[in-house]
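> Sequence:
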Amino acid sequence: MPERTGAGERDTVLRAAGLPAVDLAAVVAEQDDPLVFATVSGAHLYGFPSRDSDVDLRGAHLLPAASLVGLHEPEETCTRIWDRDRIEMDLVSHDLRKFARLLLRRNGYVLEQLLSPLVVHTTDVHRELIVLAPDLLTSHHAHHYRGFALTQWRLFEKTGELKPLLYTLRVLLTGIHLMDSGRVLPHLPSLVTELAAPGYVPELIAAKEAAEHGPAGDVVDPGRLRTDIEALHARLDAAQAATALPDAPAARDALHDLIVRARLDGPAAPTGRRVAASAER
Numbered sequence: 003m004p005e006r007t008g009a010g011e012r013d014t015v016l017r018a019a020g021l022p023a024v025d026l027a028a029v030v031a032e033q034d035d036p037l038v039f040a041t042v043s044g045a046h047l048y049g050f051p052s053r054d055s056d057v058d059l060r061g062a063h064l065l066p067a068a069s070l071v072g073l074h075e076p077e078e079t080c081t082r083i084w085d086r087d088r089i090e091m092d093l094v095s096h097d098l099r100k101f102a103r104l105l106l107r108r109n110g111y112v113l114e115q116l117l118s119p120l121v122v123h124t125t126d127v128h129r130e131l132i133v134l135a136p137d138l139l140t141s142h143h144a145h146h147y148r149g150f151a152l153t154q155w156r157l158f159e160k161t162g163e164l165k166p167l168l169y170t171l172r173v174l175l176t177g178i179h180l181m182d183s184g185r186v187l188p189h190l191p192s193l194v195t196e197l198a199a200p201g202y203v204p205e206l207i208a209a210k211e212a213a214e215h216g217p218a219g220d221v222v223d224p225g226r227l228r229t230d231i232e233a234l235h236a237r238l239d240a241a242q243a244a245t246a247l248p249d250a251p252a253a254r255d256a257l258h259d260l261i262v263r264a265r266l267d268g269p270a271a272p273t274g275r276r277v278a279a280s281a282e283r
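In this text, residue positions in the sequence shown follow this note's numbering: the first is 3, and each later residue adds one.
Just so you know, the hints here were simulated from the structure itself, not pulled from any lab data.
Predicted model only: the values in this text are computed from it and were never measured.
Quick reminder that beta carbons are idealized off the backbone N, C-alpha and C, glycines included.
Keep in mind that the hints are not guaranteed to be accurate.
As a list, the in silico SDA-like pairs of lysine to any residue whose alpha-carbon atoms are at most 25 Å apart [stated by the list, open to error]: (1) Lys100 / Ala252; (2) Lys160 / Ser52; (3) Lys160 / Arg228; (4) Lys100 / Asp35; (5) Lys100 / Pro248.
Computed beta-carbon distance windows for the label pairs [unchecked claim]: (6) Pro224 / His145: 22 to 28 Å; (7) Val71 / Ala23: 38 to 44 Å; (8) Ser192 / Val71: 40 to 46 Å; (9) Ala67 / Gly201: 52 to 58 Å; (10) Trp84 / Pro217: 29 to 35 Å; (11) Arg103 / Glu32: 21 to 27 Å; (12) Ala31 / Thr79: 17 to 23 Å; (13) Asp239 / Glu75: 36 to 42 Å; (14) Val262 / Ala208: 46 to 52 Å; (15) Arg17 / Ala212: 15 to 21 Å; (16) Gly219 / Asp25: 37 to 43 Å; (17) Ser183 / Asp223: 27 to 33 Å.
All chains, full assembly: derive it from the sequences and hints.
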C-alpha cells in the first residue's frame, strides 16, 4: 500500500507546525527495533510551541518475538533524550502490545499520538491502527482529560506560568470536543475556532511563543481564570453525561488480531484489505 503522503509533504506539514529543520527521518533509522510509527506530540501538536520548545517524538515499535516468549521480561518502553543540532529531542516508544493496552485504558494521550498529523514515520500497521481508532473511543476518556487538567492546574497554581495554564485549557477543551463530536482534536487554536472558549486564549498562545516559562498574570486576571476553568470542568461533566460514545471500546478483538499479524509479519506487512474492510463499516 502506498503511503498517504510522501516524505516531502510530511516535511512541509512539520515545518508549518513550527518544527525545526532537523532530519527526523535519521532519528527513526537509529532505533534498534523497527518502528510501527513515529509522530510529533507536545507543544507542536497542541499548537503553542515556543521558539525554544523541544521536539517530542512518540510512537510504537515491534520487539522481536523471541523477546516475548522466554523467561526474561522485556523492556517494553524505549526512552531517549538527546540534542541534535542544538535542539533538545526526546523519543518515547512502546512495544505495539503495550501501546495497544494503553489504547484500551481510556488513555487520550496515546490516542493523540496515534492520530497526530505530524507524522515522521508511518507503516501499514500504523494506518490500520488509525482506522481502528474510532472504535477505541469511550465516554470514559473524559476521566483522562479531567485528571490531566487537574494536575496541570495545580502546577499552574504553584508556578503561575503560561505552559501549565495552556495545557489545562487544552485538555479540557479537547475532552469537551471529544465527548461532543467523537473526534480527537488536541490542537488548541483549532479548538478555539470550533468551541466556545475564553477570548484570551490566543493572547496566551502568543505570550508563550515568546517565552516558554513566562507568567500568565500579564495576560489575564487569576480570578477570572479560576472561574473559567471551573466552567470548563462543568462543561466537560455535562458533555460526558450526554455523549453518544460507548462505555467500552469495540475494537479489542481487531486490535488483538492486528498485533498478532504485525508480530509475525512485521510493521510493513500488507494490511490494505483489512484496512479497506474496516473503513467500510
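> Please go over all the hints and tell whether each is borne out by the structure.
Going down the list of hints, with the structure as the test:
Between lysine 100 and alanine 252, the direct Cα distance comes to roughly 18 Å. Compliance with the 25 Å bound is thereby established for this hinted pair. Pair hint lysine 160 plus serine 52 holds up; C-alpha atoms about 21 Å apart against a cutoff of 25 Å. For the hint linking lysine 160 to arginine 228, the alpha-carbon distance of about 14 Å falls within 25 Å, and the restraint holds. Distance check on the hinted pair: lysine 100 and aspartate 35 sit about 14 Å apart at the alpha-carbon level, within 25 Å; holds.
For the hint pairing lysine 100 with proline 248, the CA-to-CA distance comes to about 23 Å; that is within 25 Å, so the pair holds. Proline 224 and histidine 145 have their C-beta atoms about 27 Å apart, which keeps the hinted 22 to 28 Å range intact. Hint check: valine 71 to alanine 23, Cβ distance near 43 Å, so the stated range 38 to 44 Å holds. Range check, serine 192 to valine 71: about 44 Å between beta-carbon atoms, so the 40 to 46 Å window is met.
For alanine 67 and glycine 201, the hinted distance range of 52 to 58 Å is satisfied, since their beta carbons lie about 54 Å from each other. Our hint of 29 to 35 Å for tryptophan 84 and proline 217 holds, since their Cβ atoms are close to 30 Å apart. Between arginine 103 and glutamate 32 the C-beta distance comes to about 26 Å, which sits within the given range of 21 to 27 Å. Look at alanine 31 against threonine 79: about 20 Å separates their beta carbons, and that is inside 17 to 23 Å.
Distance hint for aspartate 239 and glutamate 75: a CB-CB separation of about 40 Å, consistent with the stated range 36 to 42 Å. A C-beta distance of roughly 48 Å is found between valine 262 and alanine 208, which places it inside the suggested range of 46 to 52 Å. With their beta carbons about 20 Å apart, arginine 17 and alanine 212 fall inside the hinted range of 15 to 21 Å. In this structure the hint that glycine 219 and aspartate 25 lie 37 to 43 Å apart at CB holds, the actual value being about 39 Å.
At roughly 31 Å, the beta-carbon separation of serine 183 and aspartate 223 lies within the given 27 to 33 Å, and the hint holds.
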